[in-house]
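S.K.: Residue strings, one per chain:
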Amino acid sequence: MARYNKRSGGGRDRSERDPAAEERRAAESVRAERLLSLAQSQKGRRLKPPETDALVVVEHVSKVYVPSPPWMRLLLRSSIRKPVVALEDFTLDVRPGQILAVVGPNGAGKSTLFRVLTGLTTPTSGRAYVCGLDVTQKSHEVRRMIGFAPADEKTLLLRNTCRENLVFHGQLQGIPKRKLMRRVNETLDFVGLGPAADRVGIALSTGMKARLQLARALLHRPQVLILDEPTSTVDPIAAYELLELIKKVVKEQGAAALISSHRLEEIEALHDDVVLLDEGLVKYRGDLDTLRELWEQPRLEIIFHGEAECLAASRYLQRMPGVEVVGVEGTTLTLATAIGLGSLFAQANGELSGVQSVQDVKLPLRELLAKILIDKADQTVQS
Amino acid sequence: MIGTETSRGARGARGANPKSSNQVRRLWEASDAFLRLGWRQAISYPLGFFMSQVSNFLPILIFYFVSGLVTRPGAAFGGDYFSSVVIGLLGVKLLDSGLRGFGAQMDVAINRGWLEMFLVEPVRWRFLPIAMSQWPNFLGVFAVATMLALALALGATFDPSGIPIALAIGALGMFAGLAIGTMSASIKVLAKSGDPVLLLYTLMAQLFSGVYFPVERLPAGLKWLSYFFPHTYVIQGLRKALLPDGETLPGPSAFSTVMTLLIFSVLAYPLAIWIWGRALEYGRKLGVLSGY
Numbered sequence: 069m070a071r072y073n074k075r076s077g078g079g080r081d082r083s084e085r086d087p088a089a090e091e092r093r094a095a096e097s098v099r100a101e102r103l104l105s106l107a108q109s110q111k112g113r114r115l116k117p118p119e120t121d122a123l124v125v126v127e128h129v130s131k132v133y134v135p136s137p138p139w140m141r142l143l144l145r146s147s148i149r150k151p152v153v154a155l156e157d158f159t160l161d162v163r164p165g166q167i168l169a170v171v172g173p174n175g176a177g178k179s180t181l182f183r184v185l186t187g188l189t190t191p192t193s194g195r196a197y198v199c200g201l202d203v204t205q206k207s208h209e210v211r212r213m214i215g216f217a218p219a220d221e222k223t224l225l226l227r228n229t230c231r232e233n234l235v236f237h238g239q240l241q242g243i244p245k246r247k248l249m250r251r252v253n254e255t256l257d258f259v260g261l262g263p264a265a266d267r268v269g270i271a272l273s274t275g276m277k278a279r280l281q282l283a284r285a286l287l288h289r290p291q292v293l294i295l296d297e298p299t300s301t302v303d304p305i306a307a308y309e310l311l312e313l314i315k316k317v318v319k320e321q322g323a324a325a326l327i328s329s330h331r332l333e334e335i336e337a338l339h340d341d342v343v344l345l346d347e348g349l350v351k352y353r354g355d356l357d358t359l360r361e362l363w364e365q366p367r368l369e370i371i372f373h374g375e376a377e378c379l380a381a382s383r384y385l386q387r388m389p390g391v392e393v394v395g396v397e398g399t400t401l402t403l404a405t406a407i408g409l410g411s412l413f414a415q416a417n418g419e420l421s422g423v424q425s426v427q428d429v430k431l432p433l434r435e436l437l438a439k440i441l442i443d444k445a446d447q448t449v450q451s
Numbered sequence: 007m008i009g010t011e012t013s014r015g016a017r018g019a020r021g022a023n024p025k026s027s028n029q030v031r032r033l034w035e036a037s038d039a040f041l042r043l044g045w046r047q048a049i050s051y052p053l054g055f056f057m058s059q060v061s062n063f064l065p066i067l068i069f070y071f072v073s074g075l076v077t078r079p080g081a082a083f084g085g086d087y088f089s090s091v092v093i094g095l096l097g098v099k100l101l102d103s104g105l106r107g108f109g110a111q112m113d114v115a116i117n118r119g120w121l122e123m124f125l126v127e128p129v130r131w132r133f134l135p136i137a138m139s140q141w142p143n144f145l146g147v148f149a150v151a152t153m154l155a156l157a158l159a160l161g162a163t164f165d166p167s168g169i170p171i172a173l174a175i176g177a178l179g180m181f182a183g184l185a186i187g188t189m190s191a192s193i194k195v196l197a198k199s200g201d202p203v204l205l206l207y208t209l210m211a212q213l214f215s216g217v218y219f220p221v222e223r224l225p226a227g228l229k230w231l232s233y234f235f236p237h238t239y240v241i242q243g244l245r246k247a248l249l250p251d252g253e254t255l256p257g258p259s260a261f262s263t264v265m266t267l268l269i270f271s272v273l274a275y276p277l278a279i280w281i282w283g284r285a286l287e288y289g290r291k292l293g294v295l296s297g298y
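Protein sequences appear in the order of chains A and B. To convert, take the position in the first sequence, counting from 1, and add 68; that gives my numbering. To convert, take the position in the second sequence, counting from 1, and add 6; that gives my numbering.
Among these hints, one or two may not hold up.
Claimed, not checked - These stretches of chain B come out as covered by chain A in the derived footprint (C-beta under 8 Å, 3 or more residues):
1) 140 to 148
2) 224 to 231
To be verified - Distance windows between CB atoms, simulated:
3) B:W45 / A:G165: 34 to 44 Å
4) B:V30 / A:E127: 32 to 42 Å
5) A:L106 / B:S262: 37 to 47 Å
6) A:L106 / B:L273: 54 to 64 Å
7) B:V203 / A:I148: 19 to 29 Å
Unchecked claim - Cross-link-like lysine-lysine pairs, in silico, DSSO-like; alpha carbons within 30 Å at most:
8) A:K222 / B:K198
9) B:K198 / A:K150
10) A:K277 / B:K229
11) B:K291 / A:K150
It should be emphasised that the hints constitute simulated quantities derived from the structure, not laboratory data. Beta carbons: idealized from backbone N, C-alpha and C, even for Gly.
Generate the whole structure from the sequences, applying the supplied hints.
M.R.: Next up, the structure:
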C-alpha cells in the first residue's frame, strides 16, 4: 500500500523530501516528454484504417494532459502544473458480441480511454477506430455508433420523466419522429422501466436511474456500448440485473461493450475479457482464468477442531519452506502454497493435529488484482 | 429484445455517408428538442418562471413614471420620451436574448452536468449555438411582445407602418447577438464558467447604445464607443421605424440599419461558428470537455 500512499502524499509535511517520490516525478516527466515528442513526429501522418472485423480498435494510443497555456490561466486556474501521462501505448480491440471490462484504480486511465472513444478528447499519439472510423477525424459519425453511459447520474434530466429523457435524447440522436415514441416505449420496457415511464428522474431509485442511463445509451441501437461504472451506485441485485441486460444486448445485437467497474465480482460474472490498467499502462489483457493461472498461488483452508491446534499449526507452518500463512481466524488457517496437499501433510510429519477439514480456496479477484498492481508494478503482462 | 434495425455491422458503418443526411432536418430536430427541454425545465419551477416573466414588466412601469418627469423641451426623441425608451428597452431585450441566450444555456448545461452528454450525442457541434438558444430566444420574443402590450396599454404611441421593417431589424439584431454570444460561449466552454467579458459588454451596451437617452447626449469623447455595439444600430433603427417622428432623428435610416445588420450577421456568424469549432477542438486536445 505504500505505493499508493506515496501517490496521494499521505498527508505528510511537504518540506519532507521523499527521494522515491522525487524519482517518480522525474520519471513521469521523462515519460511525458517522450510521448509528446512521439506525437510531434507522428503529426500529419495519415494511417489506413485497420482491416479487421473488430468494432473498436485502439492502436498505440497515448494521452498526455498538458497544463493550460498562460492565456487560458487568466480565465481558469490550471489543474495540473506538469504534463500528466493518462494513457501510454494502449492497444486493444473489441469484437462484435464481446464485453471488455476495463479495471484499474482511480487515475489508471479508464475514463481517458472512454473520452478518447467518445470524441471528448483526442489522443496525443496513436489512433482509435470505432466501426472503422477514426475517432479523432470522424468524431460526429463515430458518435452515431456509440451508446455512452457516464458514471454520473447527474447527466440525466432529473426534472423530466423517463419518457421525456429518452424523447429528448432520441431527437438529438436523429431518430425519426414517427419511430421515436415506439422506440422509447420499447427501450423503457426492455430495461424494466415501462411502468415508471412517466415518473420524473428525481423520484427514481438509484437502480432505476442506472437503468435509465442504460436505456438512453441503447435508444439509437448503437453498435458499441461504452459504460462507465454502470453499477457503481446500485445494490448487488440491481447490478446483477443490469449486467444481464447488457449481456443480452451484446449477444442479441452483436454489439461490442466496454465496461469499467470497481465491483470486481461483477466483472467475474461477465465471463469475458478484462484489461487491467494502472497509471496509463496495460498490466494485463486477457480472460480471468488465464490471469488466475498466471498470478494466483494455490490456497488451502484448514479448519481445526480447536483454536489451540490452529495456532500451533500456524507456528509450525510459518517455518516450512514454500508455505505462506495468509491468515488465522478462530479455528481456520489459510495458507498460500504451491507444494500440494499431499506433500504438505507428508512434510508436516504428524505435526498438524486436530484437523477437521481441508479445502482449496479461490483467491478473491479483488486480492488478485491488488497483488498484480502492487507487487508486480513494473511488469506488463500480455496473455 | 429491443430490435436490431440499425445493427449494420462495421462494414455498414464504414459505408455511411454523413453528407447524405438531411442537415437542415437534424438542425430542426435538435432545435425542437432544446426548445421542449427549455419549456419542461421552466414549468418544473412554475412560480419562478411566472415571476421572471412578470419582472419583465417592471422597467416599462418604472419608465412610465419617469417619463412624466422628462419634459425637456426640444429634446430629439422622435415622439414622446416614454415611447422612445420603450423601444430602447425592447431592443435591449431582443439583443440580450440573442447575446446571452446560448451562453446562459451553456451555463445550465455545465452546472447540471448535461454538457458532456450533449457533446457525445450525434449532433453536429456547430448546430449547438442555434439549437440551444431556441428557448431563450423564444422567451425573449415572448417578453418583448408582452412588454409591448403593456406599453401600448400605458399610452405608448408607435407608427404601425414601420412594423415590417422593425421586425426585420429585431430578427437581425437577435442573430447578430447570437453571433457575439457564440464567440463568448467559446471562451466559456474552455473556462467552464461565466464569461466576464460578456457581462461587462452587456452593461456597457446599456450605457452607450442609447437605451434610456439618445446617443447624442453622450460626451463627444465617448460617443464613438456607441458604434461598437449592435444595440446602437438596432435601437436607432427601431426608433426610426416605429416612432411617429422617427425619420427626423439623427443617424442612418431604418433600411440602412437592416443592411448593416445583415452584413454584420453574414460576416460575424460564420466567424463565430468557426471560433466555436476551434474552441471545442482545442478543448478536446486539452481534455477539458468533460468532467465538469
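S.K.: Are the hints correct? Go through all of them and say.
M.R.: Hint by hint, here is what the structure shows:
| no. | hint | in the structure |
| --- | --- | --- |
| 1 | 140 to 148 | violated (count 0) |
| 2 | 224 to 231 | violated (count 0) |
| 3 | B:W45 / A:G165: 34 to 44 Å | 42 Å, holds |
| 4 | B:V30 / A:E127: 32 to 42 Å | 37 Å, holds |
| 5 | A:L106 / B:S262: 37 to 47 Å | 57 Å, violated |
| 6 | A:L106 / B:L273: 54 to 64 Å | 41 Å, violated |
| 7 | B:V203 / A:I148: 19 to 29 Å | 25 Å, holds |
| 8 | A:K222 / B:K198 | 17 Å, holds |
| 9 | B:K198 / A:K150 | 21 Å, holds |
| 10 | A:K277 / B:K229 | 57 Å, violated |
| 11 | B:K291 / A:K150 | 16 Å, holds |
The earlier numbered hints that this structure contradicts are 1, 2, 5, 6 and 10.
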